[in-house]
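Chemist: On the provided structure of chain F, position chain P as indicated by the hints.
Residue numbers (the numbering used here), protein chains in the order written: chain F, 1 to 447; chain P, 448 to 918.
In short, the hints are calculated from the structure, not lab data. No residue lacks a Cβ here, since even glycine has one placed at the ideal position from N, Cα and C. The reader is advised that the hints may include incorrect statements.
Below, in silico cross-link-like pairs of lysine-lysine (DSS-like), each with a Cα-Cα straight-line distance of 25 Å or less [what the hints assert, rightly or not]: (1) P/Lys659 <-> F/Lys30; (2) P/Lys714 <-> F/Lys364; (3) P/Lys502 <-> P/Lys449; (4) F/Lys73 <-> F/Lys124; (5) F/Lys30 <-> P/Lys714.
Quick look at which bits of chain F chain P covers, simulated, 3 or more residues with Cβ under 8 Å [claimed, not checked]: (6) 36-47; (7) 68-81; (8) 141-147.
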Amino acid sequence: MSQVETQPMNATLVKGYGPGEAPTWDFYSKCIHCGLCLNACPTYRELGVEMDSPRGRIYQMIQVERGRLPLAKSFVEHIDLCLDCRSCETACPSGVEYGRLVEAARGQIEKYYRRPLLESALRKFFFHFLLPHRRRLEFAGRVLRFYQRSGLEALTRALLKPFPGRLADVARLAPRMERPFFTERLGTVVPAVGTRRHCVAFFAGCIANLSFARLNEATVRVLAQNGCEVVIPRDQGCCGALHVHAGIRDLARDLARRNLDAFLAEDFDAIITNAAGCGSVLKEYPLLFEKEQPEELERARAFSSRVKDVTEFLAGIEFNREMGAIKARATYQDPCHLSHAQRIRTAPRKLLAAVPGLELVELKESEICCGSAGVYNVAHNEMAERLLAGKMRRVDETGADLILTANPGCLLQLRAGVAGSKSRHRRVMHVVELLDEAYSLRSGHTA
Amino acid sequence: MKSFTRELIRLVGRDAVLWRPEDLMLYEYDGLSSLRQPDAVVLPTTTDHVVGIVKFAAREKVPVVARGAGTGLSGGAVTPEGGILIGFSRMKKILEIDLENQRARIQPGVVNLDLSLAVSDQGYFYAPDPSSQKACTIGGNVAENSGGPHTLAYGVTTNHVLGLEVVLPGGEVIHTGAAHWGRPGYDLTGLIVGSEGTLGIVTEITVRLMRKPEAVKTLLAVYDRVLDATRTVAAITARGITPAALEMMDGFTLRAVEDATHAGYPKDSAAVLLIEVEGLLENVEEESDQIEAVCREDHARDVRRAKSNEERELLWRGRKNAFGAIGRISPSYYVQDGVIPRTRLPEMLEFIAGVAEKYKLQIGNIFHAGDGNLHPLLMFDARDEAQHQRVLKAAREIMAKCAEMGGSITGEHGVGIEKNELMPLIFSPDDLDAMRKVKSVFNPAGEFNPAKLLPSGKMCGELRVQVSAGA
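Pulled out of the complex, with its shape left as it was, chain F reads as follows (with noise of 0.2 Å):
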């Protein structure tokens, strides 16, 4: 039998993990490797292999620590095939805190692990050269807008057409960008429609200001109807929840700071996202500052204890009921970073129950990822079309004509299985843009 790889990228690096965040005894050990997770977790259900559990994931933390498994291809594989949807802690009855060990071992295989070039390039641009800042992203924003809208992609999509390999998936999984850019609405505060009974501060994202404006307008208009005066920080700045996903946690430090500041300059009532992806990582700031940088981790803790998702908001205060009706037969797909890594479930749904007209059918394996997943639908485009063909065969068999989610990373990903589906006539919405259309059809039949 061969011997298991034994040259570590890093030649610092022998054996175990280096210094810095780490997977620790304290949260592994409650693992005791009952295997309840493994049939909740997408890639155990795709390719049937320890490797590719949760169970297995921890198992392998277990052995670089121990130093009988190297912190070198093999695991650095598994550990990036993971999703970070986090439905492996839905299923665990030991209460493992999962997302919290794959986060740490990704910041190892960042600090300790010597990817490809290509790849590494990508990870810079994308990473660190775009995300963080406002002005490139929306220079980025503007290119590919022009892109998009000058025929040019249907051009490329057509050329890309006759090659193998997944270029064309992943060329139509770019999001639209739409116009005006949310940005320009950055700074500004809107008034509350009718008695101003709360004040609340939104978190616009960073993509989402470019791909996802009307949906951030359609966020603070419902807000507003339900008589929040939302105030929109001008500073404000990248979650970073794909740099923690990435295990790039120094930048994602840096980007949680900016937010710190951002939004404890102000004593909000809450600060409200849409996103379910970003919202998870808002509550989890503090897990940045344990090791790191404790000085501010009281701040994060401030912050974090007022993060609160659109749908968790709504449905926590006396939500405006008068809406119109929207006759549809719908159903709702669970965000693995609101159902699992926030545990909200029962809030969209309530929200939805209170549509005149919808009928809402359950999505069966709803808690199960799409594939999504942040970037994890271009950086593993296969395992994420697997993902994705499964959801759709579910949600065909509830007969909806209309998708509800709550995260734009899972909209973009089920907009692109209905697209290629054979029922393209079908919605995929917010569950906040369905509140939105419901709540301007009341007025508009009003006035």
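Modeler: What follows is chain P alone, placed relative to chain F:
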């Protein structure tokens, strides 16, 4: 790559063979322990694949072990003597659902709960419900003859398996049982179910599907004294009532469960009974009243009825996640599995309390009380070897007491490599000899799941558990 690996790849394809040490490492455990790695893991998708692998293994004279999800607690799916591990994680098709005849034909890798989900809209379910049902496979359930909380009313796996397709160690494919009633001759289905992979490898299963009852009521009886709860168990059945499930948790366990699931278990109580009755609407109401009366006679402090389906599911989620919930409060624990006559529950609980005191251990208790199936949870810290040894001694004593009471050393977790040396506690040398003869007919070379189920005779009645710290 060895020629051994190349041959397996030729049989099932490159994508379906694991042979690198960093992959095989992940198969040195199941729900029980870390032991020797397999020499290869093969992931077949068809019966023909399995036949090919088994014939190859016979030629090479290497052990063959089948594995479902690897959730078993007695080491049935690990390879203590190396060899080929056949993983059924990709052989998970539901081949046929025949609701008119209440049966389904499935591949062994189908997850227990997935089968129930597939037929739930039509009002059916698959009855055996081990606590691991959301992950464990029905193939594994067949090997272990698994039960669950609803065993009391529905019986165990063997009562729900109608027929099997089995690959024998020589590569022969046999079909046992029948989809419909009446097949003369030996009951080979009954023999294979529960044989823990030592007689053959199951590649297809025909199971019975049950119609969901019209009504289900779940009661939670709360006690200030454990003894009162155990008395109620015998009293309920003495009245001629058979609940669908009758579970007991002691105060220590339910506090852990409550912290984990917030199901509504009263944390200040000494014990609770979770009782479920089902059937026709009228009967269910009447039986619930009768049960409540019995509980109160035995000094139940409170008897609650789940008001909604959500509340019921929450109570059950608490119960089914109980073992894991213990993982939150103790770095390591050892779940025991024994059976006694339910009438002797009060006596047994006192005995366990005595054992806990003698070995200075914390022992939680969670029972399928209705059928006398005990799951004492022995808590320890695996980093403390002396404590680990005390746990093994304590567990051994509890097992011996079960046997002495006329019970068994396992109700549902199986024997595997954990308890095979304890088999003489409940079987005579002649009994065991008869079993060995059966095994030698099917598995003469002993290469199917070796070193499990039957005692090797090399050790003197020891439990074998290797607990690795933090895993």
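Chemist: What are the numbers of the hints the structure violates, in ascending order?
Modeler: Violated: hints 1, 2 and 8.
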